[in-house]
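There are 2 protein chains.
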Amino acid sequence: MSETETDRPSVIRPTDAEALRLARNLVRSARSGAIAVVEPESGGFPSVSRVLLGIDVDGAPVILVSALSLHTRALRADRRASLLVGEPGKGDPLAHPRLTVQCDAEEVVRDSAAHSRIRARFLRRHPKSQLYIDFPDFSFFRLKPLRASLNGGFGKAYLLAGEDLAIVSPAIEALAERESRAVDHMNSDHADAVDFYARTHCGAESGGWALVGLDAAGLDLARGDALKRLEYDAPLTDASELRGALKKLYG
Amino acid sequence: MSETETDRPSVIRPTDAEALRLARNLVRSARSGAIAVVEPESGGFPSVSRVLLGIDVDGAPVILVSALSLHTRALRADRRASLLVGEPGKGDPLAHPRLTVQCDAEEVVRDSAAHSRIRARFLRRHPKSQLYIDFPDFSFFRLKPLRASLNGGFGKAYLLAGEDLAIVSPAIEALAERESRAVDHMNSDHADAVDFYARTHCGAESGGWALVGLDAAGLDLARGDALKRLEYDAPLTDASELRGALKKLYG
Chain X
0 MSETETDRPS
10 VIRPTDAEAL
20 RLARNLVRSA
30 RSGAIAVVEP
40 ESGGFPSVSR
50 VLLGIDVDGA
60 PVILVSALSL
70 HTRALRADRR
80 ASLLVGEPGK
90 GDPLAHPRLT
100 VQCDAEEVVR
110 DSAAHSRIRA
120 RFLRRHPKSQ
130 LYIDFPDFSF
140 FRLKPLRASL
150 NGGFGKAYLL
160 AGEDLAIVSP
170 AIEALAERES
180 RAVDHMNSDH
190 ADAVDFYART
200 HCGAESGGWA
210 LVGLDAAGLD
220 LARGDALKRL
230 EYDAPLTDAS
240 ELRGALKKLY
250 G
Chain S
0 MSETETDRPS
10 VIRPTDAEAL
20 RLARNLVRSA
30 RSGAIAVVEP
40 ESGGFPSVSR
50 VLLGIDVDGA
60 PVILVSALSL
70 HTRALRADRR
80 ASLLVGEPGK
90 GDPLAHPRLT
100 VQCDAEEVVR
110 DSAAHSRIRA
120 RFLRRHPKSQ
130 LYIDFPDFSF
140 FRLKPLRASL
150 NGGFGKAYLL
160 AGEDLAIVSP
170 AIEALAERES
180 RAVDHMNSDH
190 ADAVDFYART
200 HCGAESGGWA
210 LVGLDAAGLD
220 LARGDALKRL
230 EYDAPLTDAS
240 ELRGALKKLY
250 G
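Chains X and S, in that order, are what the protein sequence lines are.
Last residue of the first sequence: 250 (numbering that gives the first Met the number 0), numbering continuous.
Last residue of the second sequence: 250 (numbering that gives the first Met the number 0), numbering continuous.
Isolated chain X, as found in the complex (with noise of 0.2 Å):
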């Protein structure tokens, strides 16, 4: 057994680039994570509940939730939002890092040019969300990280600050602009660097991958359940940018 299936989180750690990597890839990588919320008309009651997960483009977890939900209710009254992130899998559940990320809630209005990229992003993730995404009781929130603590595994404890889960480049807006005909150029015609890129970068099998998304930070893979995400060595500072990270991730 190794020290991390205890529950004791030894000194908190530096935040080293291995934990910023891994931290953001867990929240970036998410198809789901359980949110707690303050309960409505309970006097500050927790209340925990489990959510679908995307990601907007400058790294803010996004959920897709109906006015019905109590955690719908409970984030219009109070905005403090709680999110866990990182699934127990195989093996000892306290083995597997995962991320506990505060957040200020905010609701995304609708017919906004926000809504209209994250619904198109949340759509290409959660293809199955078509059913009932423009429901009218249904809305999305940006959850924007204050900030997170990581238990990496290992007794590997890190704090983080919010600004550690942001991407921030000068081109998010103008790479938010193309991106939805950049994937389906890339889905269509480089099937093959898609599929290279599930299975080179991120150890996946072969076949089945299709890039859901695409930001100034990098890339989203998915097959089935499976959601894996594959970041550029540095965010593009330009959108012009682009064409060059696919295909040095291809070389």
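Hints listed in this document are in silico derivations from the structure and should not be mistaken for laboratory results.
Please note that a few of the clues may not be correct.
The list makes no distinction among identical chains, and a pair is therefore deemed to hold if it is satisfied within one copy or across any two copies.
To be verified - No farther apart than 30 Å at their CA atoms in a straight line, the calculated lysine-lysine pairs in the DSS-like style are these: (1) Lys155 - Lys127; (2) Lys246 - Lys155; (3) Lys89 - Lys155; (4) Lys227 - Lys246; (5) Lys247 - Lys127; (6) Lys247 - Lys227; (7) Lys246 - Lys89; (8) Lys155 - Lys247; (9) Lys247 - Lys89.
Dock chain S against the given chain X, drawing on the hints supplied.
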């Protein structure tokens, strides 16, 4: 796609026997869960993290946590906790049933009879916890269910009372006293029955199953990562009924 895969909580259904069974099974067979607490010194921010779970003889979930961890400090300051059980598994994460239990967390006094009972049950369920279960900074908390909310998949939403998750019987104490011996006896002398229980009643593959718990309402069966809950038709009302109940399940 089924209705369940939406996040739409349909009208709350009346809590029938099937919903009760599902809810009890979710919490009693969970190896880990997400616990939300009220973060100390932050004015009521929720915070959610992953914990290993046990179950006490009255059905109350149990956690083993370090004094160094945030959730322990939180629960010592504010006993309100929310527990989410039911892992997303394969396919759509929202298609899997899950249960949110609102709890009152009570720290278990070390060297009490309750501590020794809870420790023995937890250790059988999580053998690897042996390495830290007796560390001086580790404590058990009992999470007494106050109310719960079941999302049973297929658009089935139910509200439960805390008592719905309780194991109630006059035989609880007498059974607890003989539990360890009875479990050892079953595993060493009746491994065939234990395997039969897992195979026949829990739909599990044959081989490698051990009994890890036994209480007035049923049995806990484990093999590696897997944990199965098997309940009698009705809770035993006297410890002398145990042998007959075990025989009947083998019939």
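Now for the hints, and whether the structure bears them out:
Taking the closest pair of Cα atoms, Lys155 and Lys127 come within 30 Å of each other only across two copies (19 Å); inside a single copy the shortest separation is 36 Å, beyond that limit. Neither within a single protomer nor between protomers do Lys246 and Lys155 lie at most 30 Å apart by alpha-carbon distance, with minima of 35 Å and 48 Å respectively. Taking the shortest Cα distances, Lys89 and Lys155 sit within 30 Å of each other both inside one copy (19 Å) and across copies (28 Å). Only within a single protomer do Lys227 and Lys246 lie at most 30 Å apart by alpha-carbon distance; the minimum there is 18 Å, versus 49 Å between protomers.
In this assembly of identical chains, the alpha carbons of Lys247 and Lys127 never lie at most 30 Å apart, being 32 Å within a copy and 44 Å across copies at closest. In this homomeric assembly, Lys247 and Lys227 come within 30 Å of each other (Cα to Cα) only inside a single copy, at 18 Å, whereas the closest approach across copies is 48 Å. Proximity of Lys246 to Lys89 under the C-alpha cut-off of 30 Å is found in neither arrangement, the shortest distances being 35 Å within a copy and 33 Å between copies. For the identical chains of this complex, Lys155 and Lys247 are neighbours neither inside a copy (32 Å) nor across copies (48 Å), given an alpha-carbon limit of 30 Å.
Neither within a single protomer nor between protomers do Lys247 and Lys89 lie at most 30 Å apart by alpha-carbon distance, with minima of 34 Å and 33 Å respectively.
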